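Colleague: Using the sequences plus the hints, can you model the full thing?
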Amino acid sequence: MSAVLDARAIGMTFRNGDEMTEVLRDVDLVLEPGELAALLGASGSGKSTLLSIVGLLLRPTTGSLEIAGSRVDTLSDAERALFRNQRLGFIFQFHHLLPDFTATENVAFPAAAPAGGMSAAMRSRARELLARVGLADRMDFPATRLSGGQKQRVAIARALMNKPQLILADEPTGSLDRVAAEQVLDLMREVNHEDKATFLICTHDEKVAARCTRRVMLKDGRVEQALQEN
Amino acid sequence: MFALTVAHRYLFSNPAQTALLVSGVALGVTAFVFITALIQGLAINLTEQLTANSAHISLEPATRVARVLPGAATETASVAIVSTFQRPQIRTWGSTVALLRTQSGVLAISPQISGSAFIVKGETVAPVAVTAIEPADLDAISAISANIVSGDANLGSDGILVGARLAENLGLSAGEPVLLRTDRGIDRLLTIRGVFRTRVQALDERVAYLSIQTARPLFRLPEGVTNIEIKLVEPAEARDVASFLQQATGLRATAWQDKNASLEEALTAQARTGRLIQAFSLISVLIGIASALSLSANRRRSEIGIMRAFGVSSAFIAAVFILQGLLIGVAGASLGCLSGFALCSWLATLIRPDGTMALPIAPGEGGYVAVFALTTLGAVLASVIPARSAARLDPLEAIQQ
Numbered sequence: 001m002s003a004v005l006d007a008r009a010i011g012m013t014f015r016n017g018d019e020m021t022e023v024l025r026d027v028d029l030v031l032e033p034g035e036l037a038a039l040l041g042a043s044g045s046g047k048s049t050l051l052s053i054v055g056l057l058l059r060p061t062t063g064s065l066e067i068a069g070s071r072v073d074t075l076s077d078a079e080r081a082l083f084r085n086q087r088l089g090f091i092f093q094f095h096h097l098l099p100d101f102t103a104t105e106n107v108a109f110p111a112a113a114p115a116g117g118m119s120a121a122m123r124s125r126a127r128e129l130l131a132r133v134g135l136a137d138r139m140d141f142p143a144t145r146l147s148g149g150q151k152q153r154v155a156i157a158r159a160l161m162n163k164p165q166l167i168l169a170d171e172p173t174g175s176l177d178r179v180a181a182e183q184v185l186d187l188m189r190e191v192n193h194e195d196k197a198t199f200l201i202c203t204h205d206e207k208v209a210a211r212c213t214r215r216v217m218l219k220d221g222r223v224e225q226a227l228q229e230n
Numbered sequence: 231m232f233a234l235t236v237a238h239r240y241l242f243s244n245p246a247q248t249a250l251l252v253s254g255v256a257l258g259v260t261a262f263v264f265i266t267a268l269i270q271g272l273a274i275n276l277t278e279q280l281t282a283n284s285a286h287i288s289l290e291p292a293t294r295v296a297r298v299l300p301g302a303a304t305e306t307a308s309v310a311i312v313s314t315f316q317r318p319q320i321r322t323w324g325s326t327v328a329l330l331r332t333q334s335g336v337l338a339i340s341p342q343i344s345g346s347a348f349i350v351k352g353e354t355v356a357p358v359a360v361t362a363i364e365p366a367d368l369d370a371i372s373a374i375s376a377n378i379v380s381g382d383a384n385l386g387s388d389g390i391l392v393g394a395r396l397a398e399n400l401g402l403s404a405g406e407p408v409l410l411r412t413d414r415g416i417d418r419l420l421t422i423r424g425v426f427r428t429r430v431q432a433l434d435e436r437v438a439y440l441s442i443q444t445a446r447p448l449f450r451l452p453e454g455v456t457n458i459e460i461k462l463v464e465p466a467e468a469r470d471v472a473s474f475l476q477q478a479t480g481l482r483a484t485a486w487q488d489k490n491a492s493l494e495e496a497l498t499a500q501a502r503t504g505r506l507i508q509a510f511s512l513i514s515v516l517i518g519i520a521s522a523l524s525l526s527a528n529r530r531r532s533e534i535g536i537m538r539a540f541g542v543s544s545a546f547i548a549a550v551f552i553l554q555g556l557l558i559g560v561a562g563a564s565l566g567c568l569s570g571f572a573l574c575s576w577l578a579t580l581i582r583p584d585g586t587m588a589l590p591i592a593p594g595e596g597g598y599v600a601v602f603a604l605t606t607l608g609a610v611l612a613s614v615i616p617a618r619s620a621a622r623l624d625p626l627e628a629i630q631q
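Chains A and B are the protein sequences, given in the same order.
FYI, the numbering for the first sequence is 1 to 230, going by the numbering used here.
FYI, the numbering for the second sequence is 231 to 631, going by the numbering used here.
Keep in mind that the hints were calculated from the coordinates and are not lab data.
A few chain B residues that face chain A, going by a derived Cβ cut-off under 7 Å, partial list only:
id	residue
1	F232
2	R239
3	S243
4	S532
5	E533
6	I536
7	A539
8	F540
9	G541
10	V542
11	S543
12	F546
13	P625
14	L626
Because the structure is a prediction, the values reported are computed rather than measured.
We treat Cβ as the ideally placed atom computed from N, Cα and C, and that holds for glycine.
Modeller: So, in structure tokens, the structure goes:
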């Protein structure tokens with residue numbers, strides 16, 4: 001089976017006036033299907049930048065990127081948006097739910113917006129996902145009436161809506177209390193285990209990394225260690 | 231359409247703010263409707279006042295010009311000269327009237343003999359403009375019968391009707407004999423059958439009515455008439471109809487607008503001023519919509535960012551904001567048209583002590599279709615700037631904020 005993510009010699013340099021800042025240098029990263037990988041590193045190590053490049057939100061200065069067998073670093077903006085919608089799932093530190101919509105509508109949104117409307121099948125899948133993340137009794141709640149942990153679980157369900165091949169999580173437990181953080185981590189592990197979904201979780205929390213099947217350590221823009229099996 | 235659902239949710243997420251925005255648009259539209267109805271009302275009022283007692287089209291003989299007559303190839307040229315003694319007249323007026331009666335937009339026709347004369351009362355002499363008509367057509371152009379203040383409107387074979395101011399100036403009253411001296415130097419003793427008061431100074435002070443039969447010998451016109459006056463169903467069409475009649479009859483046709491060029495200029499200037507005010511009303515509405523949607527786009531940066539992150543197209547984001555503009559425009563324009571109509575209708579009921587309208591406003595002429603279309607279109611255009619800015623938002627930047 002081919003790799004879900006195959007990033008080769010990724011480099012990223014930011015220009016700020018005359019000043020050039022090299023954030024990533026020759027980063028190679030391959031994720032096989034079903035991996036639950038933690039992307040670790042100190043602040044400023046470049047892990048968020050790498051996650052954004054893999055998530056097609058940022059174009060690398062150098063290197064090549066393949067996701068699920070497709071070369072994606074050469075795609076146009078519109079093609080990247082479509083690829084993100086169909087193949088990638090995102091979970092952010094802050095849930096970024098749409099406050100004017102219910103939990104079900106938030107989950108179904110990534111499928112409903114490109115389709116021009118929310119079909120019964122989309123609604124049904126959204127409700128299944130909400131039930132799976134333990135929010136069967138909150139499906140029709142407006143997003144504003146959910147707790148922080150519940151919102152993050154809705155965000156996980158939303159990330160799964162379009163059955164992505166790669167789910168990218170940026171400090172997914174960073175804004176949660178300990179109990180909620182544990183629940184969210186358990187949920188991601190469960191999805192990884194049951195769906196064989198591939199995760200790349202950006203974190204600076206060793207406890208989170210310890211529950212992943214693999215650790216990728218970034219230091220000064222380079223991959224320092226990319227091997228560990230839990 | 232899912233973008234419409236999102237736009238609707240965004241608008242209703244803060245009902246008070248949306249209500250304020252729609253009210254602002256409605257207020258601008260109301261101002262537009264009020265100004266339009268007032269300007270149109272003023273124009274209609276002025277036109278009605280001007281045309282109520284005068285013809286919409288006058289048909290007169292074509293102007294005669296001196297010309298060289300064709301003749302034998304000799305060195306002597308023949309020249310036709312224009313007689314200043316012979317009164318220009320329409321000899322074929324019967325067939326012209328028959329033609330006019332077949333025209334659908336013609337309301338009334340009055341063949342006339344018009345001329346100048348003096349009314350002599352003892353040692354007092356006053357100039358008058360004589361209008362000689364068929365007695366049956368007395369009210370065709372001006373409502374004379376209804377405005378008789380003494381005597382009656384029955385002209386008979388030796389009767390004359392005079393205006394109230396003329397009667398006051400000369401000390402005339404109904405039933406009295408009066409001497410009429412025409413510009414042809416013919417005198418005739420006539421009887422004042424009635425005195426009228428139309429409240430139009432030019433008529434009440436200067437005009438005397440005779441029957442055509444009485445006027446023929448006085449103006450030496452045994453057959454023809456000097457002019458044919460016409461009233462139309464739609465006074466505004468006078469120029470077009472006059473142009474047609476001039477072609478069809480060979481007579482000189484003059485529309486009322488061409489006789490009152492200064493009024494038309496005044497109305498045009500008034501309309502121009504009105505358009506300026508209307509434009510400012512619309513511009514203020516559009517600026518309001520653009521700024522409100524820009525604020526909304528800014529407030530929702532993170533939501534837009536996350537939508538973009540999970541692959542929602544920039545066209546969808548733009549559509550959400552353009553549809554918000556459309557909804558605001560439609561709601562504000564509808565509300566503004568209704569409130570504008572209500573305001574104008576109420577103002578139209580305000581009456582002065584003399585029975586005239588306090589404001590000559592025409593509630594039905596508020597330009598509703600135009601303002602609805604302009605506001606809706608303008609609202610969509612005003613939302614394009616915030617829509618573009620939202621659609622171009624860098625998802626990463628928005629999420630990191």
